[in-house]
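Engineer: Dock chain B against chain A, hints included.
Top line first, the protein sequences correspond to chains A and B.
In terms of the numbering used here, the first sequence opens at residue 1 and continues consecutively.
In terms of the numbering used here, the second sequence opens at residue 547 and continues consecutively.
Think of the hints as simulated: they come from the structure by calculation, not from any bench.
The model shown is predicted, which means the values in this text are computed figures rather than measured ones.
The C-beta atom is built at its ideal place from N, Cα and C for all residues, glycine as well.
Hints are supplied without guarantee of correctness; some may be wrong.
[What the hints assert, rightly or not] Beta-carbon label-pair distances, calculated as ranges:
(1) M208(A) - T745(B): 43 to 51 Å
(2) A695(B) - L44(A): 53 to 61 Å
(3) V475(A) - G950(B): 52 to 60 Å
(4) G947(B) - P234(A): 31 to 39 Å
[Unchecked claim] Residues of chain A placed beyond 12 Å of chain B at every Cβ, according to the derived structure:
(5) I5
(6) L19
(7) K36
(8) W106
(9) S108
(10) L138
(11) D144
(12) V148
(13) G158
(14) I167
(15) P211
(16) A221
(17) L393
(18) F419
(19) N448
(20) P456
In case you want the letters, here they are:
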Amino acid sequence: MPFPILTSLVALPVAGAILLLFVRGDEEQSAPFARKIALIVSLLVFAETLLLWMRFDGASGNFQFVERHAWIPAFGIEYYVGVDGISLLLLVLTGFLTPLALLGSWESVHKQTKAFCIFVLLLESAMMGVFISLDLFLFYIFWDAMLVPMYFLIGIWGYERRIYAAIKFILYTMAGSVLMLLAILGLAYMHYTATGVYSFDLLKLYEMQVPMHTQFWFFLAFALAFAIKVPLFPFHTWLPDAHVEAPTAGSVILAGVMLKMGTYGLVRFAFPLFPQAALFFAPWLAVLAVIGIIYGALVAMVQPDMKKLVAYSSVSHLGFVVLGIAAMNTQGVSGAVYQMLSHGVSTGGLFLIVGMLSDRRHTRQITEYGGLKKVTPRLVAAFLLVTLASIGLPGLNGFVGEFLILLGAFRWDPRFAAFAATGVILSATYMLWMFQRVNYGPVTNEKNASLADLRPREWLVIVPIIAVAVLMGVVPNLFLRPIEPSVERILNQYHHGAPSRIQASAQPSRLRSPETQASFGEARRSATGAQAAALSSQPLAGEAGR
Amino acid sequence: MTPSLNAIVPMACVTAAGIAAMVAESFRDPGERMPIAGLGVVGLLGAAVSTVLLWNHNATSFGLVAADNFGLFVTGTLIVVGLLTLAISGPTIERERLPGGEYYALMLFATAGMMLMATATDLLVIFLALEVMSLAVYVLTGIRRDSPASTEASFKYFLLGAFSSAFFLYGIAFTYGLTGSTRLDRIGSLMASQAMSPTPMQFLALGLIIVGFAFKVAAVPFHMWTPDAYEGAPPAVTGFMSTGVKAAAFAAFVRVFLSAFEPLRGSWSDVIWILAAATMIVGTVAGVTQSSVKRMLAYSSIGHGGYLLLALVSGNDFGKGAVLFYLLTYAITNIGAFGVIALLDNADRPNDQVKDYAGLWNERPGLAALMTVFLLSLGGFPPMAGFIAKWYVFSAAVRAGYTGLAIIGVLTSVISVFFYLRIVVMMYMTPTDTPAQFPPVPKVAGGALLVSALLIFYLGVLPTRVLEWAAASISTIF
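Same shape as in the complex, but just chain A (with noise of 0.2 Å):
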């Protein structure tokens, strides 16, 4: 039996949570014991999630490293699971994340250190769980399981607000997952009509004809469940309240990782489970992420709080993630999960740098800040960079993403992608003018006059951070790569469960033939090249992107 790799990734970080138990003593003495082997076992984990990415099967979009056995086999239920390119970035984005996670909260977390790091371990363990699942009911598991990590995360290491931030959190997500539950169940239960067994098994489901009427409703079940937790305009109150009151490692994690839950179940339940509803539904989908993306980016430019600033841009940058699934292209769907990636790793590096401000300063409103260049001009640097990475700068991260999903948006329905084009613009002025505000001009609060730039742990942290923003600007194709033939496969079921059974409904553009989608294949491809032509023209995409 081959090393159960996918299996490890989930059982590493419990084991560790386990081990950490046994650390005894006061805080003085555990407090550090427990850091080191937390951040330990998380590079372990990582580590593993980089070995996985270098034995994986870049050319097939097929779920790999598949491990599979009975569970509860009385109804069906299965240990079953399996990446394909998908699922596997965002392991690595887990795995890459939660390291620097720990280490960002190094210093600024007093009490009960050890426990944080249980936490933080068992957070990671579920949200492996959640990527890896190809079994309904096990991703449900997982899926729940993550919240109460989270929640004591933010309610015993937040800051002021964190309890009813905490239990806003819990109760939002779970009202959108309980009826998910039932739509599962509801889904199994179809498929023990037709075929007599119970089963799970997202691939059998996949196959199953779901009949229209229940696939709208079962869509919508599955659809509120992701959308809060992406969270799409108009779920997304949640969000400001967790990401400002959490930890900075609860906010990392948050933004990094547990939003992309939300759109990777779009991808990989929602729509290719119900294509016949998901058809229906996407523009509607569309307009949601569209106002999501204006709203998100109008509301982050009028916050005082730094954080709360970065929380509203999550909004918008999710929108475009959710806008790109919805056109349902290759280029949207591609450029939706790049987008995933980039935006954990820019935004998890914004929050890491509030973080490092608020650790020095306990503040995080602007007008606390002030000149900041002056004093500590090497943060101010990975400051600088980690916010054109957000803004989406060519040559950064967040540029291919956002392309692609402008793409794919107007090849489907030019007017989302016009809309939508308008948060290009309006997340560079919240984030420059913010930054602006932040580091320029004098030093207008004496406090500032004395504060320490980066120290070796927080390059440590940011290093990492720019290395990939810069990585992942320069060589999309690495990342792009494993996932374009899963984003074909997940295409293909899409369309050849939704618009050839109702051609007569559906508009002529959003219908797709073989021919049709063949050519939309050569038209990715001819996109990645002028995306590559724009990459090495900067300046003139630059402007033209703006």
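Structural biologist: Only chain B this time, still in chain A's reference frame:
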């Protein structure tokens, strides 16, 4: 049919232990410490062994008591309830200076009554069992004789309980009038022949029996006694009665309605539907407003009754199995939660307000962690057993086509999470200037709670075996 006593061996073991406890108490010198609880453990273990031996044998005694797998599964649940209750009762008895022998004897008699109720196949025997169980529990509720709250709770419980017993008995009388029998199998076959033309008599019989059961399982609107009784009784007793009584009553409820009255399903399913919806909604919504942990958990246990009713009304194989599995996980979890409350109980301070839990994590991290496991399991979070149980119930409902009820169920379970988390918030997140004084944790009770927590994880992660037992249980009688 050759008369056989095999089917009553489990309850005989428990009854014998109860009698032994009573005798031991009467021979005990004042102030002498006697391991009376040990007698109970022996009796319950005897019952456990006989349950295992009877499994799959379908023994019957006197044609009135059937040790089929269904009854044995519930018996097993009751044994777990009994053992856990014994383990967590010690500190309460010592602190409150309760008469140990009486306490244990009553508890064991009640358990015997519950076991009889779960295995009886005759309405009159069910009634007898109900009374054996109830009388013992009334007394247990009021066992703190010097506490007005305890006495009041006991009195309330007794009056309302006696009233509902009368309803139940009246319902049996009508059923007898209709069918000329009190045996479930005969009632079932006669009802099947009458099912085509429902008569007012049938409605009366069904309605009265539903009232009797609904009272015992604390279904809304027959739940009024519950919060008071649960609050007034010592926490260990509350844990016992919120799980044991419910398990026994539900076992009989399922047996009566899904076998004898199954042919009349059309007449009663709507009623149970409404009871289930009302119970889930009232239980959880009222739970949100409570400031006493015991009252909060009382409403929570009302709400859990609603989920069980949901499984009952679904009535399919999943539903019946779900009732069994749910009862087991709920029993372990709820006794665990009340066990923690019992251990926090202080001689001069009951520590039963939510705010008393502030800072528990700092003072007693182990207890706080255990309480968290119990509460999260009650709230239905994976990977705890409560999730699997709820999932089982909801899949039964979806399968039976009760989607609306399932939606009410999942939404109320989200509301219930709100109040479970209130306690968690207090334990972990609320700093306090004046920490409540918590007594030290005795080893036996702490160990029992740890075992419960591990069982909860076991049932949550590897439920297969127990689920199979539950599935095997229902195949024997329905």
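Engineer: Take the hints in turn and mark each one as holding or not.
Structural biologist: Do the hints match the structure? See the list:
1. M208(A) - T745(B): 43 to 51 Å: holds, 46 Å
2. A695(B) - L44(A): 53 to 61 Å: Since A695(B) and L44(A) have Cβ atoms about 55 Å apart, the given range 53 to 61 Å holds.
3. V475(A) - G950(B): 52 to 60 Å: About 53 Å separates the Cβ atoms of V475(A) and G950(B), which means 52 to 60 Å holds.
4. G947(B) - P234(A): 31 to 39 Å: Distance hint for G947(B), P234(A) holds at roughly 32 Å.
5. I5: holds, 21 Å
6. L19: Fine: 16 Å to the nearest Cβ keeps L19(A) off the interface.
7. K36: Non-interface label stands for K36(A): nearest chain B Cβ at 22 Å, farther than 12 Å.
8. W106: At roughly 22 Å from the nearest Cβ of chain B, W106(A) sits farther out than 12 Å, so the non-interface label holds.
9. S108: Since the minimum Cβ distance to chain B is about 17 Å, S108(A) lies beyond 12 Å and the statement holds.
10. L138: violated, 10 Å
11. D144: Violated: least Cβ distance 5 Å, not greater than 12 Å.
12. V148: violated, 6 Å
13. G158: Not fine: 9 Å to the nearest Cβ puts G158(A) too close to chain B.
14. I167: violated, 6 Å
15. P211: At about 15 Å from chain B, P211(A) clears the 12 Å cut-off, so the statement holds.
16. A221: violated, 10 Å
17. L393: The assertion about L393(A) holds, with a minimum of 41 Å to chain B.
18. F419: Holds: least Cβ distance 34 Å, greater than 12 Å.
19. N448: Label holds. Min Cβ-Cβ 30 Å, cutoff 12 Å.
20. P456: Its Cβ never comes within 12 Å of chain B, the nearest being 33 Å, so this holds.
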